[in-house]
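Trainee: In case you want the letters, here they are:
There are 2 protein chains.
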Amino acid sequence: MKYSINYLSLNNKDLVVNETIFHNANGYIGIRNNFEEAYPSGYNTVRGSYINAFYDFAEMKQAENFYGLANEKQTMLNVADTQGVKLFLGDEQFNLWKGSIISAKRTLDMDCGFTERYIVWRSPMGKEVEIIIRRLTSFVRLPLFLIDYSVKALNFSDNLYFVSVHLGAVMNHANPDDPRLAAESARYIIPGKVHVEETASFITSSTSKSGLKLCTGVDHVIMSGGHFECNSFAEKESAWTEIKIGIKEGEKAGFCKYSVFTDSLRYADCEKSASEELAKAVATGPLEIYREQKEYLDKFWDNAFLKIEGNERLNMALNYNMYQLLQSAGKESKSSVGAKGLSGEGYEGHYFWDTEMYIEPFFNLTVPEISKNLVSFRYSILDEARKNARLLGHKQGALFSWRTIMGKESSGFFPAGSAQYHISGDIAWSIVSYYFASGDYGFIVEKGAEMIFEIARLWIDAGTWYKGQFCIHCVTGPDEYTCMVNNNYYTNLSAKFSLYWAVRFYSLLKDSGDIEALAERIKLCPEELEEFSRAEKAVYLPYDENQKLNPQDDSFLSKKKWDLSATPKEKFPLLLHYHPLHLYRYQVCKQADTVLAHFIFEDAQSEETIRNSFLYYEGITTHDSSLSACIFSIVASKLKLYEKAYKYFGNSAMLDLYDLHNNTKDGIHTANMGGAWMAIVYGFAGLRIKEDGISLAPWIPQKWESLCFRINYRGSRIQLKIEKSRVTIVLLNGAEKEIKVYGKPYTLKDRLEIPVNYSEPA
Amino acid sequence: MKYSINYLSLNNKDLVVNETIFHNANGYIGIRNNFEEAYPSGYNTVRGSYINAFYDFAEMKQAENFYGLANEKQTMLNVADTQGVKLFLGDEQFNLWKGSIISAKRTLDMDCGFTERYIVWRSPMGKEVEIIIRRLTSFVRLPLFLIDYSVKALNFSDNLYFVSVHLGAVMNHANPDDPRLAAESARYIIPGKVHVEETASFITSSTSKSGLKLCTGVDHVIMSGGHFECNSFAEKESAWTEIKIGIKEGEKAGFCKYSVFTDSLRYADCEKSASEELAKAVATGPLEIYREQKEYLDKFWDNAFLKIEGNERLNMALNYNMYQLLQSAGKESKSSVGAKGLSGEGYEGHYFWDTEMYIEPFFNLTVPEISKNLVSFRYSILDEARKNARLLGHKQGALFSWRTIMGKESSGFFPAGSAQYHISGDIAWSIVSYYFASGDYGFIVEKGAEMIFEIARLWIDAGTWYKGQFCIHCVTGPDEYTCMVNNNYYTNLSAKFSLYWAVRFYSLLKDSGDIEALAERIKLCPEELEEFSRAEKAVYLPYDENQKLNPQDDSFLSKKKWDLSATPKEKFPLLLHYHPLHLYRYQVCKQADTVLAHFIFEDAQSEETIRNSFLYYEGITTHDSSLSACIFSIVASKLKLYEKAYKYFGNSAMLDLYDLHNNTKDGIHTANMGGAWMAIVYGFAGLRIKEDGISLAPWIPQKWESLCFRINYRGSRIQLKIEKSRVTIVLLNGAEKEIKVYGKPYTLKDRLEIPVNYSEPA
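Residue numbers (my numbering), protein chains in the order written: chain A, 102 to 863; chain B, 102 to 863.
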């Protein structure tokens with residue numbers, strides 16, 4: 102599947118958005134799709150190369166400091182820039198802003214895993230060239246970024262000169278006016294050694310405070326039958342390579358620029374590894390690199406297959422989103438998924454609850470190994486979460502930081518940051534969800550149970566008994582337009598879930614003889630389990646008798662209702678136009694909060710209550726967060742509010758490809774991408790995986806002909822095709838499975854065909 | 102009355118505390134009592150000269166920025182240092198750390214209004230001198246700071262050399278680890294012109310951002326019969342004067358150093374004014390300056406007279422406190438009273454609610470003109486309060502900034518800053534209190550009513566109707582260990598009070614024909630008044646039926662109780678040892694909150710409820726704020742809990758003089774000083790001034806023989822003397838007054854003698 106755009110106009114805004122849209126990443130490195138030759142001066146650009154989990158500490162002074170507040174954050178670094186290539190046709194420099202563009206197209210090939218820039222250009226002196234630049238970050242060789250630069254002389258013969266740059270001195274980007282971006286542009290990475298070896302160059306850099314190292318190696322291989330020269334040069338903080346190739350009319354010439362990035366988080370000797378990885382890549386050559394990339398993606402698409410017939414735009418958007426999730430997710434347990442993946446500097450490369458609640462559900466059912474890595478990453482920072490809990494005054498348990506890279510809190514405003522205790526419950530939920538989908542009991546024994554026990558301990562310490570009920574005060578739920586409240590419905594359910602599974606896993610591990618070593622190690626005693634159980638049963642869940650719905654928190658319904666219909670469009674997102682204190686005083690939601698609880702913990706309430714809640718919160722939710730519309734879509738599907746389900750899904754699915762939030766320039770919205778997939782799988786298909794198995798309740802929008810997708814459930818690959826009249830469930834491979842459809846149990850041996858049971862209003 | 106200490110030991114900690122304790126101020130300028138000759142290097146000092154309301158803007162970057170948050174604060178400036186005098190006896194420099202101290206005493210003479218340093222010192226070479234250095238900031242000539250430096254040669258004849266410094270290049274002090282201090286040391290004031298004229302020097306400085314100017318002028322007059330030379334020199338940012346005086350054994354010699362500070366907030370041409378003020382002071386001479394200072398203070402003490410017989414330590418502390426209040430309070434309507442007065446840089450010279458609730462009560466009854474200035478100051482920033490309300494999202498009304506100098510918010514953490522809406526209610530209360538005490542109806546017409554109408558409008562906009570009651574969500578009450586709550590009892594009562602008085606003043610002004618111009622100017626219509634009235638009657642006041650007390654806010658009683666007895670001493674103040682989020686989750690109070698309401702708005706509840714509340718909050722209040730103990734004392738007096746009343750009073754009264762909070766080095770605690778006075782007048786004497794008049798309910802601690810003090814009530818000066826068996830009330834001058842004692846009405850014509858009606862447990 103290919104996503105292409107023409108770009109005969111060089112609108113700055115579009116250029117910056119497309120740097121994001123066409124970025125190349127593989128979960129380890131991410132390179133924005135900047136023009137190799139750069140834009141003219143005066144154009145905005147976010148030129149960046151990023152490494153997942155590679156960070157520096159940055160000062161984050163509090164305006165008024167209090168005990169325990171974060172005064173330092175981690176920040177993802179913009180690392181060495183290896184994108185630069187300048188091209189000269191004889192003495193004329195290739196520049197799209199001069200001469201004329203005859204044809205220009207940018208393509209993301211999601212089957213083959215590369216992006217391509219195709220240009221036919223006439224120089225001011227009349228030389229015509231066809232330029233094809235392919236870029237690839239290898240899923241098979243994580244350190245590798247390849248630029249395959251090819252030029253065809255259409256009407257002339259001359260020398261081509263290339264200057265290929267390897268720039269060590271780079272800075273992060275900043276915007277002091279947007280709380281979602283870093284406020285200051287700073288130099289975090291300091292180039293140390295720069296050296297060249299014939300056609301190659303190496304730069305070793307160190308971070309300013311975090312003590313990390315990075316080596317970048319760049320080499321060039323000329324693809325041309327004719328005469329050429331290629332020499333590299335070094336200066337203080339960068340290197341460059343000059344290439345001269347003779348070209349004849351009608352011929353092609355060019356070169357491959359291989360870049361490798363090896364950091365000290367993953368490579369014991371990053372200089373040696375850079376040299377080796379670079380040599381291996383050069384020896385392998387582009388054809389084999391393309392082939393293995395395609396092979397990797399063939400497997401991915403075979404597992405993650407999804408097709409919407411009847412709306413190609415949405416079909417494209419969904420597949421684009423899935424591809425981006427694959428590009429964004431860490432491929433080992435040393436990293437997670439940034440809020441913007443590796444596509445930009447928005448949210449500074451931080452990991453939030455997004456990974457657990459919006460991204461892992463996708464990988465659980467398509468590439469469960471990635472999910473396992475992501476939950477394992479949380480285990481790798483469990484000790485930091487324990488320390489964070491102590492810092493916040495808890496005598497026991499683990500409280501994961503709201504935004505982080507290496508585990509420490511990077512949120513500068515604790516009422517909407519550290520106070521979001523639900524992140525620990527979300528992590529518990531993700532562990533259980535991974536376990537449900539994979540059946541990976543070994544992971545629970547090794548890492549999962551320990552995390553859940555520590556999270557349960559946190560809830561016990563954070564909560565308090567009041568009038569016989571277990572209450573949790575002064576936390577912030579998912580909705581950041583209401584902060585530091587008592588008994589946030591979502592948070593309390595999340596705590597209840599964690600406590601339940603702490604007890605459940607304890608009993609499972611005990612039955613299997615796996616509990617002793619762990620209990621000994623973390624000093625877990627049976628009395629604690631009793632306390633978990635007692636609290637779990639008594640968790641207080643706010644409920645309003647009059648309106649028969651769940652208030653977002655104890656006092657939510659007593660506040661003034663915000664009149665969204667009277668709020669001018671330009672005032673959205675509200676957080677950029679209203680003081681937080683003003684927002685907090687109103688019933689107004691940035692995003693799904695109670696509605697999210699009605700999806701994640703749907704069995705806690707009757708359908709009637711969920712319907713009342715949904716309709717209530719719909720009237721006061723701005724969806725200023727990209728994590729919102731998809732959840733509303735899922736719950737609307739559940740409630741058979743089909744039109745709404747479809748509307749919310751569309752808003753969600755196309756967010757980045759059509760820049761609906763007007764900030765795709767800062768990076769893709771990975772959580773929303775997962776959310777859009779969830780809106781299909783959990784929403785339209787009504788999929789649920791619970792302790793007692795898998796179930797479906799499919800419907801399909803009238804405008805579509807069919808919806809087909811595949812999942813991997815406990816080792817069995819299942820394809821589901823929903824058409825207007827029937828749903829066809831095929832067991833592609835693996836063991837047979839019990840499956841409920843519309844509440845009725847079936848055994849999926851080979852294939853099932855079941856009538857679709859819904860009536861969408863015309 | 103004199104407060105003296107010996108200082109034969111030169112302990113650094115004591116030295117820094119005494120810089121505060123003995124500082125000189127007059128409400129306009131404040132000079133810390135640093136040694137003229139400085140300490141040796143390596144000693145800590147906060148060397149400072151301050152001007153009330155003279156500020157610069159300082160960057161205050163938010164760690165995570167949101168709409169409307171303050172990114173800039175005002176900060177009081179450390180201005181030109183004119184304290185410096187170095188003394189040489191021949192070629193030996195006077196230095197208390199060398200040679201030997203035979204005698205050394207520091208004295209604050211509160212009757213005469215100067216401080217004195219008395220030293221008998223023997224130099225390493227054996228020269229003995231008696232040095233007397235008197236310092237005075239004139240209450241009569243506000244720009245004037247005088248150093249009267251006298252040396253007696255006890256056993257030698259030689260030349261004395263003085264180097265008197267006038268230093269333009271000064272910085273503010275800082276401590277990044279204490280939220281109550283500025284976090285960064287910065288250069289805010291930039292010396293421009295420096296010039297000398299014979300024995301005098303002038304430095305004109307400008308602030309870096311606020312556009313203010315300051316001129317400091319220094320002149321020297323030699324007091325000696327013998328030969329002398331005196332010459333001034335200028336360099337880039339400072340000036341100095343060299344003085345040589347011949348002295349004979351047994352003789353005295355010395356000089357007066359006159360400094361004047363004229364700023365552009367008060368003086369149109371500050372250079373010209375500096376020159377004039379300096380010339381006038383020099384022409385007046387020290388004797389007349391001492392005389393007029395004494396005259397000013399005679400009048401002050403005549404009005405503010407207070408004497409405790411039976412505890413000289415407390416008597417001293419109380420009188421010291423009153424003197425400091427006089428030193429601290431702005432003497433025109435361009436300034437107020439900093440939380441640390443003009444004695445140090447703690448809280449950066451900011452004005453808080455302290456002025457209205459803890460300091461004006463003292464001035465209302467002793468120097469009402471000062472109170473009038475202070476409430477007028479708030480009127481001068483009313484427009485900024487209107488703007489602040491808009492910034493916080495309010496369509497109408499005025500919300501005063503929580504901490505400020507020129508009106509804009511300087512609080513960096515809005516949950517414990519801007520969210521303290523009660524400050525607007527406090528200002529309303531102070532206006533009404535001033536009106537009650539003075540009967541100054543003219544002020545209400547001119548300024549008071551407008552402020553109260555705008556404050557009432559704010560409450561209407563901030564509040565909301567819920568189940569027939571008027572509620573106020575998401576504010577922070579006085580207790581900063583609980584933030585952003587619903588229906589803080591104190592705040593709601595404060596709103597009720599403002600609304601009541603908006604209606605009341607409207608009607609008063611209407612009856613007198615004074616409303617029209619004002620109503621026209623601020624577009625106040627009768628419908629608004631109806632709304633005020635409706636809301637006032639329906640203000641919701643949380644009350645717990647079970648425990649028969651007022652919860653601090655809606656959810657306070659449902660939180661865990663903090664176990665203060667189990668908290669180690671070194672963990673206080675809690676704010677320096679626990680994360681705010683942890684504190685917020687507990688029933689634990691930094692200070693009186695509901696208990697303050699039970700004093701200020703005592704008629705809202707029965708004595709039984711107040712007693713229950715008092716005992717309840719007593720168990721969970723840390724008194725980490727210096728504004729707390731005095732209020733507990735007052736309410737304990739009201740409840741006849743005499744032992745407690747006395748204990749809380751003592752903690753409050755002696756705070757600074759005995760450095761009980763271990764931070765007097767950063768400045769005096771002005772609010773606490775007013776509070777200690779209130780604990781006597783409102784507590785022990787049971788004084789109340791309400792709309793229906795003045796009343797008393799005196800008692801006296803068993804350990805005291807008598808308590809005597811004077812007040813000024815609506816033009817009549819009244820002296821009250823409480824002895825164990827009787828209270829004697831004398832009308833010193835002015836019209837006769839109706840007065841209630843123990844609930845019984847009397848007419849005070851000349852003198853009343855009434856038996857004291859209380860029984861303190863032995």
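Do not take every clue at face value.
Same chains, same names: a pair is fine if it fits in one copy or spans any two.
Said to hold, decoys possible - Calculated cross-link-like contacts (lysine-lysine; reagent style DSSO-like; alpha-carbon spacing at most 27 Å):
#1 624 - 661
#2 611 - 353
#3 672 - 509
#4 162 - 509
#5 488 - 845
#6 400 - 822
#7 310 - 162
#8 649 - 199
#9 670 - 114
If you are wondering where the hints come from, they were derived from the structure by calculation, not from laboratory data. These figures come from a predicted structure and were not determined experimentally.
Trainee: If a hint holds in the structure, say so; if it does not, say that too.
Mentor: Hint-by-hint comparison with the structure:
1. Taking the shortest Cα distances, residue 624 and residue 661 sit within 27 Å of each other only across copies (26 Å), while inside one copy they are farther apart (47 Å).
2. In this homomeric assembly, residue 611 and residue 353 never come within 27 Å of each other (Cα to Cα): the closest approach is 68 Å inside a single copy and 93 Å across copies.
3. Proximity of residue 672 to residue 509 under the C-alpha cut-off of 27 Å is restricted to the inter-copy arrangement: shortest distance 24 Å between copies versus 34 Å within a copy.
4. For the homomeric pair residue 162 and residue 509, the shortest alpha-carbon distances inside one copy (15 Å) and between copies (21 Å) are both at most 27 Å.
5. Taking the shortest Cα distances, residue 488 and residue 845 never come within 27 Å of each other, neither inside one copy (47 Å) nor across copies (63 Å).
6. Taking the shortest Cα distances, residue 400 and residue 822 sit within 27 Å of each other inside one copy (20 Å), while across copies they are farther apart (95 Å).
7. In this assembly of identical chains, the alpha carbons of residue 310 and residue 162 lie at most 27 Å apart whether taken from the same copy (16 Å) or from different copies (21 Å).
8. Taking the shortest Cα distances, residue 649 and residue 199 never come within 27 Å of each other, neither inside one copy (66 Å) nor across copies (82 Å).
9. Taking the shortest Cα distances, residue 670 and residue 114 sit within 27 Å of each other inside one copy (21 Å), while across copies they are farther apart (59 Å).
Comparing the model with each earlier hint shows violations of hints 2, 5, 8; every other hint is respected.
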